[in-house]
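Chains A and B supply the protein sequences, listed in that same order.
All letters in the first sequence, in the order written, are residues 1 to 408 by this note's numbering.
All letters in the second sequence, in the order written, are residues 1001 to 1408 by this note's numbering.
Don't take each hint at face value.
Pairs of lysine-lysine, PhoX-like flavour, derived with a Cα cap of 25 Å [claimed, not checked]: (1) B:Lys1404 to B:Lys1341; (2) B:Lys1160 to B:Lys1127; (3) B:Lys1384 to A:Lys384; (4) A:Lys320 to B:Lys1320.
Estimated spans, in silico, between C-beta atoms of each pair [stated by the list, open to error]: (5) B:Gly1133 to A:Glu295: 49 to 59 Å; (6) B:Ser1154 to A:Leu281: 51 to 61 Å; (7) B:Lys1300 to A:Asp385: 25 to 35 Å; (8) B:Arg1288 to A:Met294: 27 to 37 Å; (9) B:Ser1362 to A:Lys360: 55 to 65 Å; (10) A:Gln125 to B:Asp1321: 16 to 26 Å; (11) A:Glu265 to B:Ser1362: 18 to 28 Å; (12) A:Ser326 to B:Asp1321: 25 to 35 Å.
Rather than coming from a laboratory, the hints here were simulated on the basis of the structure.
By construction, the Cβ of each residue, glycine as well, lies at the ideal position given by its N, Cα and C atoms.
Number of protein chains: 2
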Amino acid sequence: MKAVGVVVEYNPFHNGHLFHLQQAKEQTDADLSIAAMSGNFLQRGEPALVSKWARTKMALEAGVDIVFELPYRFATQHAETFAEGAVSILSAAGCDTLCFGSESGDLEAFTNTVAFLEENNEEFQSKIKFYTGEGHSYPKSIALSFQSLAPSESFIDISKPNNILGLHYIQAIIRQKSSMKVETITRKNAGYHDEHFASATIASATSIRKALFGSAGEIETIKQYVPETTYAQLINYRDQYGSFHSWENYWPLLKYKLTQSNPAELREFYEVEEGLENRLLAAASASRSFQQFMESIKTKRYTWTRLQRVCLHILTNTRKDTMKTSEKTVSYLRLLGATEKGRSYLNSKKKDFSLPLVSKLSAFSDPDIELDIKASRIYALGQKDHGQEQLLTEEFSRPPIMLKDSRR
Amino acid sequence: MKAVGVVVEYNPFHNGHLFHLQQAKEQTDADLSIAAMSGNFLQRGEPALVSKWARTKMALEAGVDIVFELPYRFATQHAETFAEGAVSILSAAGCDTLCFGSESGDLEAFTNTVAFLEENNEEFQSKIKFYTGEGHSYPKSIALSFQSLAPSESFIDISKPNNILGLHYIQAIIRQKSSMKVETITRKNAGYHDEHFASATIASATSIRKALFGSAGEIETIKQYVPETTYAQLINYRDQYGSFHSWENYWPLLKYKLTQSNPAELREFYEVEEGLENRLLAAASASRSFQQFMESIKTKRYTWTRLQRVCLHILTNTRKDTMKTSEKTVSYLRLLGATEKGRSYLNSKKKDFSLPLVSKLSAFSDPDIELDIKASRIYALGQKDHGQEQLLTEEFSRPPIMLKDSRR
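Isolated chain A (complex conformation):
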């Protein structure tokens, strides 16, 4: 059986994801699909709208056959580390091809760019250093450096977020000496950050989330942009747990955490750079909401994403030494769910997997798993009473989700 791998957040699973998934299977002639999916906290440093379990259900119901969790230590990081983690999972799980969405959609442009960057790495790095020294954010500095080196049509546009991720997937595959092949599909319509609906059926996850936090009427407007199964899972989640998760749910906790910390303690958290701790402390007491807090700490030097990640690591009490370990890749495959087809793939292949398959947390111990458990417990505090208790217990005791029927 031939498997195609995808790297996803599904926050939430929408028609754009469905299109990509179907194309990925078709283009690679795959028998089944495997997703490396972020857990409860995401790359942009924010809580997922609904838990990893609800998102796993959405994925399975929409055609993903196996969902593995991308651990917190990789999922909440900049593109390079994020990609290393995802590639190590998909590669260990025996994927034939990794298929990613990109703004470019042109694989040759990617391989050209990878080769060019390898040749000119030294100059590229020194230019990045120059631009960050000028006060630009890291992503901006990368784009400016690349532009100043070689603006050519045979390269990808490195200022686009999905192109950057794709680049890092390819570099990670090379670094990890993986035999996994690569394929890319042009992303349909909606840009990653679009806040408004632009097409009849495809909308960005950002615009969908925006509608979900609106009035009851607004929630209905997302129906045309997501599979029915996603819509049902979303409504069900809100009824069962109490609300969707947003940073605002955690703002009282983050404000408290900042209030009870001193600057030296804050500097110990991952991604807190010299000087930032004082900005955080001053802004915390003056802000009534996370949005207001973020607006008051934002500068040209730090992207919104970067600052959200800083906040997330403070919220989850994640220190520099926890994130900067010598392990550059994931060391296990944590199964969140599978279809029947996925299960038979796992049964026949798991003996060949280069990493242990983890279905039960109680039977496995690893620092990355511990961090995921802690992150999930804090994620649970975004709900109240019964919803919180359900989330607190299910992380540790819940078996992977096994989809029985084949609704597709």
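Please build the complex by placing chain B on the supplied structure of chain A, with the hints as guidance.
Using the frame of chain A, we list chain B on its own:
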């Protein structure tokens, strides 16, 4: 001018406090009264019902002339340290006499007991060790040890909380070589822990607090037990800040703090003894309220008070090294408020004070003051929005309360 000193929490100021204050002035023939008052967190490890500022107003309006703050490092401790702090303040402020309320009311019984304990200290300590080793709480062990040594009518009953405090005041005066005299007054009626109203005008602060957290109708029932000024301050506080403070206001924050900590981190907090950290972690995720949490961690070995103090130090991020400094006494006099009479006393006497007088936080720096500022900022998080912001800013910027009129 002759000053009498009292050690108080005024949580809230009630008729029993008024009686004690008036008796203290009469018995010692004092011209004015000085209070060493706990700040926003109290000896039993709980937040004060209303802020130190509101309680200072109550005190001044009821006849106290000067209020100094007993810092967090002393106010939230067992009787011995609490007493050391209070005595060092009142002594430095030039009090002629310290007058404390006690169950005994017999000063000779106190001095007999102090002398007896000094003579038999070694045996006393070894007995305490024996009883704590048997699994009794520390206060219980003290009572049992004393009882086994010398149950005599010429001694005080050492199992009573106010007798114990009185004993420690006297011992602290001796240790600090203070020239301050001592006087004691029998506490009227209500026992410290009484939850129900027992007399027509005197009720315990515990029963008053219980009524305040009840329905609107219940709040009115406290009117007969407190001065009019207290009642007005309480209603005013609730209107201005949002609610009275109880541990339940801070439960989501404590639950979060516990959830994001690991056992090794918890052991660093003051009064967290080996083994307790795991009990705390397990109970936190299973509890919906502070009350439920406390009931599930309570054992014979730890008193409720002791466990509340543990929770408080975790909430305020107060580690062992912060509380166990080499300074055994308070090193400044932080003025919270004064009447006109109090002001003229301060003006004429402050040059003779053995400790610096602090009216403005911005003009003074001390580790104990820093701890008080942090504690007050966390105290503020017990309110929402506007009430929280007021409390957050007033701690640092508010000048002492100066009572102008003499309503009494």
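Against the structure, the hints:
For the proposed pair Lys1404 of chain B and Lys1341 of chain B, the alpha carbon gap of about 10 Å is at most 25 Å, so the pair holds. For the suggested pair Lys1160 of chain B and Lys1127 of chain B, the alpha carbons sit about 19 Å apart, so the restraint of at most 25 Å is met. Straight-line distance between C-alpha atoms of Lys1384 of chain B and Lys384 of chain A comes to about 17 Å, which keeps the hinted pair within the 25 Å bound. In summary, the hint linking Lys320 of chain A to Lys1320 of chain B is supported, as the alpha carbons are separated by about 24 Å, within the 25 Å threshold.
Checked against the given bound of 49 to 59 Å, the beta carbons of Gly1133 of chain B and Glu295 of chain A, roughly 57 Å apart, stay inside it. At about 57 Å, the beta-carbon gap between Ser1154 of chain B and Leu281 of chain A stays in the expected band of 51 to 61 Å. Separated by about 31 Å at the C-beta atoms, Lys1300 of chain B and Asp385 of chain A satisfy the suggested range of 25 to 35 Å. Separated by about 30 Å at the C-beta atoms, Arg1288 of chain B and Met294 of chain A satisfy the suggested range of 27 to 37 Å.
Roughly 57 Å separates the CB atoms of Ser1362 of chain B and Lys360 of chain A, a value that falls within the hinted 55 to 65 Å. Taken as a hint, the range 16 to 26 Å is violated for the pair Gln125 of chain A and Asp1321 of chain B, whose Cβ atoms sit roughly 42 Å apart. Between Glu265 of chain A and Ser1362 of chain B the beta carbons are some 23 Å apart, a value that agrees with the proposed interval 18 to 28 Å. Here the CB-CB span from Ser326 of chain A to Asp1321 of chain B is close to 31 Å, well matched to the stated 25 to 35 Å.
Checked against the numbered hints given earlier, this structure breaks only hint 10.
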